[in-house]
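Assemble the complex: chain A is given as a structure, and chain B must be docked to it using the hints.
Each chain is listed here by its residues.
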Amino acid sequence: MIALLGWVREMLARLFDKVDLPLLLALLCVMLISLVVLASASGENTRLVLSQGVRFGVGLGAMVLVSRIPPARLRLWTPLAFAGSLVLLAAVFVFGTGRSANLWLNLGVFYLQPGELLKLTVPMMLAWYLHSAVLPPRWKTLAVCAGIIGLPVAMIVKQPDLGTGMLVAASGVFAVFLAGIAWWRIGLFAGLGLAVLPATWPFLLPHQRERLLTFVNPESDPLGTGWNIIQSKIAIGSGGFSGKGWGQGSQAHLDFLPEHTTDFIFSVLSEEWGWLGVVTLLALYLFIIGRCLWIASEAREGFARILAGALAMTFSVYVLVNGGMVAGLLPVVGVPMPLLSFGGTSAVSLLVGFGMVMSVRAHPKFMGT
Amino acid sequence: MRPTRRQKLKNLHAEAEQFRRRALVGFLGITVAMLGLAAGYFRLQVLQHEEYQTRSEANRIKPRPIVPARGLIYDRNGRLLADNVPAYRLELVPEQVPDLEATLAGLGRLVALDDEDLERFRATRRATRSFRPIPLKLRLDEGELARLAVNRHRFPGVEVVPYLTRRYPYGPLFSHIIGYVGRVDADDLQAMGDSRNAALTHIGKAGIERYYESRLRGEIGYEEIETNVEGRALGVLRRHDAKPGTDLYLSVDARLQQAMVDAFQGQHGAAIAIDPANGEILGMVSLPGYDPNLFINGIGHKDWQALQAPSRPLFNRVVLGGFPPGSTIKPFMALAGLEAGLITPETTVLSTGEFFLPNQARGYRDWRPGGHGRVNLVESMAQSVNTYYFKLAYELGIDRIDPYFQRLGFGEPTGIDLSGEIAGVRPSRAWKRRQFNQEWYPGDTVNAGIGQGFWVTSPLQLAQGTAMIANGGWLRRPHLVQASQDGFDRPRVPEPQPPARRVVDNEAHLSAVRASMEAVMHSATGSGRVAAAGAPYRMAGKSGTAQRTSRRGLQSTNPADLPYHLRHQAWFIAYAPAEAPTIAVAVLVEHGGSGSGAAAPVVRRILDAWLLPPPEDTAR
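Read top to bottom, the protein sequences are chains A and B.
The first sequence begins at 11 in my numbering and counts up by one.
The second sequence begins at 29 in my numbering and counts up by one.
Chain A on its own, in the form it takes in the complex (with noise of 0.2 Å):
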């Protein structure tokens, strides 16, 4: 019997030995943020936080298991990863279901969401073609790096998914950022990119014109997108320095605040916790980043590096999109808050990517060109 449990024990350890452990605490911090603040948020539904509990565990598991897969195994893959992921993407235009785009694959068992997976395998054939280039990258390196990110995003915002499109072009600039991109590109590029911004309205889809229009006023749709922005508003602003406390947030509980467990559950969180609760959650979110890229920065090799540090950098555009979002600081767009909204598919995500930085960090020999 002991022997068994030592067995267990020794099974287990062997598992987990390849896993971060100041990352996966901070990430597990976050995590029970989360079911704390759904409890409240869903006025204690015992059903959706135990739900979201299981969502957690099949993407920690995932963790577990990606952290044991050597980089050089996983460049070896990319390539087929990359591939595969923009055939599902295509296959979503042909077979696709959804309820305001189609963006689910209905796999029978369980739905995919094939522009999820372009949010790893992007950084990954960007870090396996950088790994190999000559860097810092120049023209034609860049020209292929960007065919990389534009073809994936091109169909993505076309699904139309304008927030998942944001987050993958993300993770491709910082791959290319963190290759290291001369300053006097970035500055070009940025300012080509300011040029052309405005004569993108013309392509924008009616609802996500009215979004931006919202945002610049709020008042001019009550029923609507500004309604939310509006309640939003007031559901932080009323949480005040050390918040309502738990399960008395009055905006959340009296239903004037929608989508409270989705995309809005950063003002609950805000409502209730306070501006402590805010700065808190920022600080776990910021330290999870900065560990990550530090990984990233100890690897040894070029497809590791890259991989790990777009990952890390990305995670931070979700945490500064959506919190900027239901502070009516930027436009409306539907990015959740990492690891704290309701829902499975980009939780499962992130972790397969928390994963994949573990990886990094446990096989630091690992040399390759």
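These aren't lab readings, by the way, just hints derived from the structure by calculation.
All values derive from a computational prediction rather than experimental measurement.
Cβ coordinates follow ideal geometry from the N, Cα and C atoms, glycine included.
All the given hints hold, so there is nothing to weed out.
Facing chain A, a subset of chain B residues (Cβ under 7 Å, in silico):
(1) Glu43
(2) Phe47
(3) Gly54
(4) Ile58
(5) Leu65
(6) Ala66
(7) Tyr69
(8) Leu72
(9) Gln73
(10) Val74
(11) Gln76
(12) His77
(13) Gln81
(14) Ser84
Using the frame of chain A, we list chain B on its own:
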């Protein structure tokens, strides 16, 4: 640094250093952004806390949408064709329902809920945000209302809501004109997005209801409701009034519409009557029709199956149906010949029963074996002499026929105010190349001369063309809505129409064709003379038969011998009174055999209904 950048070899150590610097810059950037975000929250939560605290405490106000009454639809004489009647519906707000399955089961004991109701509810729920109410059952009856009133406290999040529901008092009579409204489905919600339109329960799905949806709907308003701590409404603070939908006056005459249905005496087909003077549609039937009232609250499975019959009751043959025009093309072909200077009214052609192209063995037949002898324009029309038009079309050539018929509106949508109108087919070299990747043969032109071969026209296009001949060469957009009115105390505003186009301006050519069409009805040899016999007014027309099977060999086919589904489509176009036309019609009788035999009597009954005073006894 410049020399190292030009180096083509990888410098692993430098890359690692470069990455370290970039990671640091990235982290600093993210830190600054996070601090900015924290500062933004600090402003909201600490600096502006007082203000938001007050607003939160005062936050007992919720907007509630007000759906305005849908615009009414009248006929040209003010008879109500579509109105609104009060009703009650059962709604659920998913977010406020603690246990949805138990609530649905409990409600099922009070209200008759069938599987379709539940299925529709679940589908809508998937497409709706959970704080919006979803209708579960429409048109509750008295008993259900009473049972719900008693048990209401047991079901939080469940509401009985009064609303206005659509009603079509004439039932199937106007089905293909007015169409119907149906319940908003998941696709509609997706199209409407997250706007105030999400408060709608019904939306125009076909006909006028669909084409004029945005005007009939009006503008949704909202009121600000004060709620107590549990979220229950206490009172209305402010109203942002809804703008009621616009009332529409159709040019259709309900009495003529009924007469047109009766004129078919149970046969299937389509008919449309136009006022040649302005393009107003006076009546339009496609038979069989359907009862639009079935669709309003969600059509049941059995009713839906019945509408999938091979006779296609939901299919509007007038606008969506395409058929070869057969000999009804001849008046237009004659116009083309006159305008091109190829024929005059006096030109004669010898019909021997068969027409041959130079150097070809295949003959093109007249319908009368042995032919009609030597005929001029009037006789060619009256007796529908194919040889005359074979020769004419051959001499015109497809390259002149195609642009001329484009001018007359064939092969183009007329622009009627109904959606989905077909363009039909106006054959040409380019069209055949595109469609079949084949050469154009002279024989194709010959067939086109009598409206066979590749031609496809809708009854609507033929009626528009007939009206053009009747009114002196003006092509006008056929339309159903004559005027609109924003509220009963406001003036009726005529619906603006695109300007008419004069497509034929030679009066001599037009009167030659008109004379030939009058001969069809009133001369001793005219194919429509039987149907026109005894009429107190003069009319003009042309028969046509669209073949489903081509004649093979030498034996002529008797249409009555063919199986029902292969029988010909009988056409008749006409206008009256001949000297000052007030109505132009196109009639198609499906599987009816010959145009003069099956469709002409229908035309006569329609013209009588429009031109003769109604019989006194039925009017009373």
